[in-house]
Amino acid sequence: MVSPIPKWVWKRYAKLWQKFKDKTFTFEQAQKELKHLDRNLISVLFNELRTAGWIAVNLGEGDSRKRVYNLLNPLEIVESVKNDTKKN
Amino acid sequence: MILKKIKTEHTDEKTGLVVKRITTSEWETFNRKVAINNSLFSCEQKRLIYNKPLLDIPFQIHHIPFKKKIQTWDFEGLEVSKAHAIRQKRLYFAFQQRSAERWDRLTFSEAEGDFQDLATRGLPFVPYSIPKDSSLETWKERKQDALSILNQSQILVPVFCSNHQRDLFEEIFNYEFENSKLIGVQCYNLNDNNNFINLAKIKLRNMRLQTGDEAPLLFGLSYSKVQKSFSNVSGCFAYSCFGFDVLSHRQVFLENMPTEIVQKILSKKVEEIMRYDKTLGGFNLSAEQEFYDGRNITQAFLENVAVAEGLTPYQAIQWANLNEQQNDFNILNSHVLETAYEDKKDSALNYIEAQKERWAVFWKTKMPQLSSV
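These protein sequence lines are chains A and B, in that order.
Just so you know, we're using the working numbering here: the first sequence kicks off at 47 and counts up by one.
Just so you know, we're using the working numbering here: the second sequence kicks off at 502 and counts up by one.
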């Protein structure tokens, strides 16, 4: 289930989506893309996205200490919200 | 202008933020105000020449610099800024801006001398810097002596250092919280545990206020305007989270700086000036604006500022920075007041966490989460 995200999270999500689409990426790759933003802010951003169900977090291949991320497709999110609305 | 009373209007349980009503003989206002400081006062002086409106803020704070060369406080400008504040019907407060190192060396002997010096300059609110290792018992004695030299129209304002000795701070601060109308705290690095814990104690005491309670007005002083280690969140917001009602960030005094640094500061280009962004609740530079918004907001802003407004580009940005931070505080106050209604309990928390990126990040990573207490 996905839930709405604040506007500021949406703005950063959009930037990441432009670059990675639904491909896997690491924290460091995201950091490179989100120029001028510090690690602290990006960690909170990822936490917001994860809690709202907009990003999937998995263990890295080869090194399970590392995390890799996948953004949910915005179309899937819209579909999911539609289904949730119907259920309610 | 006489300070009559400060009453608690409402305390939000979710955030611990408090709205206080301040009543003077001239006006009534709510707390969470960004005060006119030395540099904004300079802006206002220029605006007066051009017959332009001034800032609509009822508090003016004068930071007294320490002249390193001659090792004395520099009172030049004190009389002029005081006279200006009186004309603008503002509550005026002047205090000696100390560096963290000067606080380390402060003794009661020096603090008392500084207090006496200001007491004789006709100030209605006279600051007394309390040395960091002072206990309540020692302070009570010194305070008694200090009060004996004030006249009836003067009020002693205890000024703490946020880095006060931790085991002594709570008792002495809480005593003043019960007994003072105004309290100043010169605030230092939030990454330092001692500072942070003392500030958290201030918040904890302040949030125990209930509607109708008399309350002191807490002045947050000398903190960094931009909190660089917290994603450039506004220092005003960061310190207001700890309960400060009137805020005035650290002033930079060029006289004390090496020539090359002064030149560097004075030759700052537009793209090197930090601009407050109300969608972030923090500061950014032109490069960041161009990257995310596709345009240089600082430059665009300056193109709309007429020379006839009386300010240099740097001053115009400072002016706008204050106005926008104050607008955000006014909105935050409305949300805090709304939380008095049962169905609006989350109003202030939502505003912080959902509307402003840098506020949200600071709140989530630095502030103790009250909902889990």
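Among the clues, some could well be false.
To be verified - Ranges of calculated distance between the beta carbons of each label pair, as one might list FRET restraints:
no., chain 1, residue 1, chain 2, residue 2, range
1, A, Phe66, B, Asp693, 55 to 63 angstroms
2, A, Phe73, B, Ile766, 32 to 40 angstroms
3, A, Glu125, B, Val753, 51 to 59 angstroms
4, B, Glu761, A, Glu107, 49 to 57 angstroms
5, A, Asn86, B, Glu529, 33 to 41 angstroms
6, A, Val127, B, Pro625, 57 to 65 angstroms
7, A, Pro120, B, Glu672, 52 to 60 angstroms
8, A, Leu121, B, Leu755, 29 to 37 angstroms
9, B, Asn805, A, His82, 22 to 30 angstroms
10, A, Glu74, B, Asp693, 49 to 57 angstroms
11, B, Arg603, A, Val127, 51 to 59 angstroms
12, B, Asp844, A, Asn86, 40 to 48 angstroms
13, A, Leu105, B, Thr639, 32 to 40 angstroms
14, A, Glu74, B, Glu514, 36 to 44 angstroms
As the list claims (entries may be wrong) - Within a straight-line C-alpha distance of at most 27 angstroms, the following computed BS3-like cross-link-like pairs (lysine-lysine) qualify:
no., chain 1, residue 1, chain 2, residue 2
15, B, Lys505, B, Lys769
16, A, Lys133, A, Lys65
17, A, Lys78, B, Lys779
18, B, Lys633, A, Lys81
19, A, Lys53, B, Lys867
20, B, Lys682, B, Lys702
21, B, Lys765, A, Lys112
22, B, Lys505, B, Lys633
23, B, Lys769, A, Lys53
24, A, Lys78, A, Lys65
25, B, Lys729, A, Lys53
26, A, Lys61, B, Lys845
27, B, Lys729, B, Lys769
28, B, Lys682, B, Lys729
29, B, Lys506, A, Lys53
30, B, Lys505, B, Lys729
31, B, Lys506, B, Lys568
32, A, Lys81, B, Lys770
Derived from the structure by calculation, the hints contain no laboratory data.
Small disclaimer: the values here were computed from a predicted structure and weren't measured.
Note that CB positions come from ideal geometry on N, CA and C, so glycine has one too.
So, going through the hints one by one against the coordinates:
With their beta carbons about 38 angstroms apart, A:Phe66 and B:Asp693 fall outside the hinted range of 55 to 63 angstroms. At about 36 angstroms, the beta-carbon gap between A:Phe73 and B:Ile766 stays in the expected band of 32 to 40 angstroms. For A:Glu125 and B:Val753, the hinted distance range of 51 to 59 angstroms is satisfied, since their beta carbons lie about 54 angstroms from each other. Range check, B:Glu761 to A:Glu107: about 52 angstroms between beta-carbon atoms, so the 49 to 57 angstroms window is met.
For the pair A:Asn86 and B:Glu529, the beta carbons lie near 39 angstroms from each other, so the given range of 33 to 41 angstroms is met. Look at A:Val127 against B:Pro625: about 59 angstroms separates their beta carbons, and that is inside 57 to 65 angstroms. Remark: the range hint 52 to 60 angstroms for A:Pro120 to B:Glu672 is upheld by a beta-carbon distance near 55 angstroms. For the pair A:Leu121 and B:Leu755, the beta carbons lie near 56 angstroms from each other, so the given range of 29 to 37 angstroms is not met.
In this structure the hint that B:Asn805 and A:His82 lie 22 to 30 angstroms apart at CB holds, the actual value being about 24 angstroms. At about 29 angstroms, the CB distance of A:Glu74 to B:Asp693 disagrees with the hint of 49 to 57 angstroms. Under the hint 51 to 59 angstroms, the C-beta atoms of B:Arg603 and A:Val127, about 57 angstroms apart, fit the expected range. In this structure the hint that B:Asp844 and A:Asn86 lie 40 to 48 angstroms apart at CB is violated, the actual value being about 33 angstroms.
Range check, A:Leu105 to B:Thr639: Cβ separation about 58 angstroms, and the 32 to 40 angstroms hint is violated. The hinted window of 36 to 44 angstroms between A:Glu74 and B:Glu514 holds, with their beta carbons roughly 40 angstroms apart. Between B:Lys505 and B:Lys769 the CA atoms are separated by roughly 44 angstroms; this puts the pair beyond 27 angstroms, and the hint is violated. Our distance criterion of 27 angstroms between C-alpha atoms is broken by A:Lys133 and A:Lys65, whose separation comes to about 33 angstroms.
A hinted pair counts as satisfied when its Cα atoms are at most 27 angstroms apart, and A:Lys78 with B:Lys779 qualifies at roughly 25 angstroms. At roughly 41 angstroms between alpha-carbon atoms, B:Lys633 and A:Lys81 are farther apart than 27 angstroms, so this suggested pair is violated. The straight-line distance between the Cα atoms of A:Lys53 and B:Lys867 is roughly 21 angstroms, inside the 27 angstroms bound, and the hint therefore holds. About 18 angstroms separates the Cα atoms of B:Lys682 and B:Lys702, which keeps this hinted pair within 27 angstroms; it holds.
Between B:Lys765 and A:Lys112, the direct Cα distance comes to roughly 43 angstroms. Violation of the 27 angstroms bound is thereby established for this hinted pair. The suggested pairing of B:Lys505 with B:Lys633 is violated, with an alpha-carbon distance near 30 angstroms, which exceeds 27 angstroms. Restraint check for B:Lys769 and A:Lys53: the C-alpha separation of about 33 angstroms exceeds 27 angstroms, so the hint is violated. Of the pairs offered as hints, the one joining A:Lys78 and A:Lys65 holds, with about 11 angstroms between alpha carbons and a cut-off of 27 angstroms not exceeded.
Simply put, B:Lys729 and A:Lys53 have alpha-carbon atoms about 23 angstroms apart, close enough for the 27 angstroms limit, and the pair holds. Of the supplied pair hints, the one linking A:Lys61 and B:Lys845 is violated, its CA atoms being roughly 33 angstroms apart against a limit of 27 angstroms. Only pairs whose Cα atoms come within 27 angstroms are accepted, and B:Lys729 paired with B:Lys769 is accepted, the gap being roughly 18 angstroms. Our distance criterion of 27 angstroms between C-alpha atoms is broken by B:Lys682 and B:Lys729, whose separation comes to about 32 angstroms.
With a C-alpha separation of about 40 angstroms, the suggested pairing of B:Lys506 with A:Lys53 is violated against the 27 angstroms cut-off. Pair hint B:Lys505 plus B:Lys729 does not hold up; C-alpha atoms about 38 angstroms apart against a cutoff of 27 angstroms. Proposed proximity of B:Lys506 and B:Lys568 is contradicted: the alpha carbons are some 36 angstroms apart, above 27 angstroms. Distance check on the hinted pair: A:Lys81 and B:Lys770 sit about 21 angstroms apart at the alpha-carbon level, within 27 angstroms; holds.
The structure fails to meet hints 1, 8, 10, 12, 13, 15, 16, 18, 21, 22, 23, 26, 28, 29, 30 and 31 from the earlier list, while all remaining hints are met.
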